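Q: With the hints as a guide, bring both chains together as one complex.
Below, each chain spelled out in residue letters.
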Amino acid sequence: MTIEKVLEFIDVVIVYDNFPAVAGATFSVNAGEIVLLQGANGAGKTTLLRACAGLLPIARGSANVLGCDLRLDRLAVRSRVGLLGHANGLFQDLTVLENMLFWSRLVGATRNDVDQAMDAMGLSGRLSQTQVAKLSAGQRRRCALASLIVRRAQLWLLDEPHAGLDAQGRDELDRTLRAARDAGATVIFASHEIERASALATRSLVVASGTVKPA
Amino acid sequence: MKKTAIKTAKRRVASAVFIKDLRIEARSRVVTNQVLPFAGLIMVMFAFALDNDDVLQRVAGGLIWLATIFSLFIIVQRSFAIDTSDSALDSLRVAGIDLSAVFLGKAIALSLQLIALDIVLIAAAFLLYQVQVSVIGLVLLVTCVACATTGLGFVGTLYGGLTAGTNGRETLLPLLLLPVVAPVLIAATRATEAAFGSGGAAISEGWAWVGLLAIFAAVFGVGGSLAFGPLIDE
Numbered sequence: 001m002t003i004e005k006v007l008e009f010i011d012v013v014i015v016y017d018n019f020p021a022v023a024g025a026t027f028s029v030n031a032g033e034i035v036l037l038q039g040a041n042g043a044g045k046t047t048l049l050r051a052c053a054g055l056l057p058i059a060r061g062s063a064n065v066l067g068c069d070l071r072l073d074r075l076a077v078r079s080r081v082g083l084l085g086h087a088n089g090l091f092q093d094l095t096v097l098e099n100m101l102f103w104s105r106l107v108g109a110t111r112n113d114v115d116q117a118m119d120a121m122g123l124s125g126r127l128s129q130t131q132v133a134k135l136s137a138g139q140r141r142r143c144a145l146a147s148l149i150v151r152r153a154q155l156w157l158l159d160e161p162h163a164g165l166d167a168q169g170r171d172e173l174d175r176t177l178r179a180a181r182d183a184g185a186t187v188i189f190a191s192h193e194i195e196r197a198s199a200l201a202t203r204s205l206v207v208a209s210g211t212v213k214p215a
Numbered sequence: 001m002k003k004t005a006i007k008t009a010k011r012r013v014a015s016a017v018f019i020k021d022l023r024i025e026a027r028s029r030v031v032t033n034q035v036l037p038f039a040g041l042i043m044v045m046f047a048f049a050l051d052n053d054d055v056l057q058r059v060a061g062g063l064i065w066l067a068t069i070f071s072l073f074i075i076v077q078r079s080f081a082i083d084t085s086d087s088a089l090d091s092l093r094v095a096g097i098d099l100s101a102v103f104l105g106k107a108i109a110l111s112l113q114l115i116a117l118d119i120v121l122i123a124a125a126f127l128l129y130q131v132q133v134s135v136i137g138l139v140l141l142v143t144c145v146a147c148a149t150t151g152l153g154f155v156g157t158l159y160g161g162l163t164a165g166t167n168g169r170e171t172l173l174p175l176l177l178l179p180v181v182a183p184v185l186i187a188a189t190r191a192t193e194a195a196f197g198s199g200g201a202a203i204s205e206g207w208a209w210v211g212l213l214a215i216f217a218a219v220f221g222v223g224g225s226l227a228f229g230p231l232i233d234e
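The listed protein sequences derive, respectively, from chains A and B.
Residues 1 to 215 (the working numbering) are what the first sequence spells out, left to right.
Residues 1 to 234 (the working numbering) are what the second sequence spells out, left to right.
Don't read these hints as lab results, they were simulated from the structure.
Treat the numbers as computed from the prediction; the structure is a model and nothing was measured.
All C-beta atoms in this analysis are idealised placements derived from N, C-alpha and C, irrespective of residue type, glycine included.
Hints are supplied without guarantee of correctness; some may be wrong.
Here are a few chain A residues that face chain B, going by a calculated C-beta distance under 10 angstroms [what the hints assert, rightly or not]:
#1 His86
#2 Leu90
#3 Gln131
Here chain B stands alone, though its shape is the one from the complex (with noise of 0.2 angstroms):
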């Protein structure tokens, strides 16, 4: 009856979260207005630098990561600022929720974000470096993408609430989150690649692949769940 209860209050937090961030997220547009311009950017300024359609069909699967994970920097950043802005973090601590809660509305908000995001740039790979996906490679693909950005917003929600209160946030984030990512990006990258058949890759190849993101969302979200309330807490 009380493991029922807390559960009940569990979810109805982390519920709350999850609907405040997009709220605000819808309200003031900053991934709309801001981290989908920058992202897109990236595409298009990899196509000129690189110029080369062969080129560009091969590394497509990482410069659509890469840009995923530079973007994820700005989001986390400002998921993590209106919360601190108005010392809001500081209330939900006293709060006496269960902080676990927050962590899971935060990532799966953010995690929402990051698919909507890989969607554009997906488009955009599609449209400016002429990639091609098979039926089964889509299939890949979009299992790809759920599993990756789920990884990418626990990890992006853990290190977030860690930088939250800290001196130099904006830059210490990015120093501390890249080498956490370098699983993600290669994982990700080798299974976009696979679903393009960029290299001659093999769809089959790029399962084992997904298969390391799930383990490593599974990973973070377990891991993140327990730790993010006592790093908040200190």
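For reference, chain A alone in the conformation it holds in the complex (with noise of 0.2 angstroms):
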């Protein structure tokens, strides 16, 4: 079953630390988008994409991430979405083979889906036998995506993934993630590289004082 809006926040309050880093965010987002969330250091697009992930308790409004209701449960929704956050969640002393067996295994996906996460990734030969921690940021950031792919998230949050790689990781990333619409997933994507993140992004929402508004 295709659910055609995949995200409506109304009105939406995320306190983080006391203070409300999201104050009355109203937005949604529809199946096979690849939206950019812009905005500057601080504006609350970390804890936004947090909140779509279901970590952070939403204080005010209504949440529907998937349809599942935020507020009632958090935890539904987890499964279905796949969070890269400024870090990669890797495990530094295995290898990148060894780090997607690991999350495959925690899913119930195939060595074949570990394959192709890895050969869409450019993984594959002697990098996947190669330690996480001896990785450059850009190999890291790219086994960090390939684990998303091996999870088959139906909603990518992304914060900042250009960063840290070069020319070719980002026109593979951006290749990635349009493979991942194509394949029925939505993205959504926070970046301050607003001239590659706009041409790889079909809609733009700006974050500003924790609410958020079209580009």
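A: This is the structure in structure tokens:
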């Protein structure tokens, strides 16, 4: 079943560290969109993304993601979203392949899924046997993205996904996000690199003073 | 049918976390290269400090478990450091998996590392303190180690998760954990003394203490499974 409206926030307030990081955000995202969140540092982009992933409680308003009411149950949505924050969420002492296999075991994905994800992010061959701690920042980012592909997330929430990537890595990332969209996923990402991000996005939103407005 | 699927998923997650933790330990060798020498040093330092065979034989059980508990702090800190260093714990939360399975996987891996540590510590006690044990005493000792390390694995994982995201967790963890593991220290020491026959203790006296260790392990196993998810989530 396709849910037309993947995300709908109405007058949402999110309190983080006793501070209303998001204060009355109203916006919606439709299935198959790639939505860019713009905004200055501290505007509330990261808080918004983490709340969409069900990691932060909604203090007020109505928040619905993939058909789950976040005010009633924040846990239900988690298995269906993939969040890539500033950190990569990888185990430094494991190799790329071991990291991928670990995440695949958690979600019940197959070895074939792992191989496909690693191929898509250019991590096959020698790189797959390299310890994550020994990878460059860009390679780690690609590894984290491959783990999102393995998890088969319906909604991708990415915080500064281009950060640390070289030109080739950025192109690969853009291709991956478009491929994910073509495969039925929806993408919301925050970025400061407006020119590149705008070319990738189908729509842009501006986060300012805890509110969300069209760009 | 649904219950079976949930159980299978839980087992799959627990085994993945268990294998991951042990694989990282095998690669980084923190327990082998840092914790084991640290625990061994505690045993040697006490041997120098007390310098009396009778006293050492009398207190050997207590020294083994003190060294185990001090080492527990380091292993727990390390176990959660690998999960928090690159926000992998956040990724685990977002993966939508049953966090009680993560608890079980981590606790069992921790218990296994403690068992390996205790084997070395007990060997050190034989060597440095000249303690002796009969065959029946050995059965008591093995059961005591199994129950105590299981309990310590559960409680260590629970409190490790509780302090994982906090500032000053290095000092907070021992502060919170020491009072909670006091029953394990007392019961395991008494059971080990009974196994060694220290101070004329009879082997039969040790089984009651092993029972207490088993209850401790069961309480923290069940309680930890229920509490770990909400604790990590907050």
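Q: Take the shortest C-beta to C-beta distance between A:Leu90 and chain B; is it under 10 angstroms?
A: At about 5 angstroms, which falls below the 10 angstroms cut-off, the nearest Cβ of chain B leaves the hint on A:Leu90 intact, so it holds.
Q: Regarding the hint that A:Gln131 lies at the interface with chain B, is the smallest CB-CB distance below 10 angstroms?
A: holds (8 angstroms)
Q: Does A:His86 pass the interface check with chain B, least Cβ-Cβ distance below 10 angstroms?
A: holds (8 angstroms)
The structure meets every hint from the earlier list without exception.
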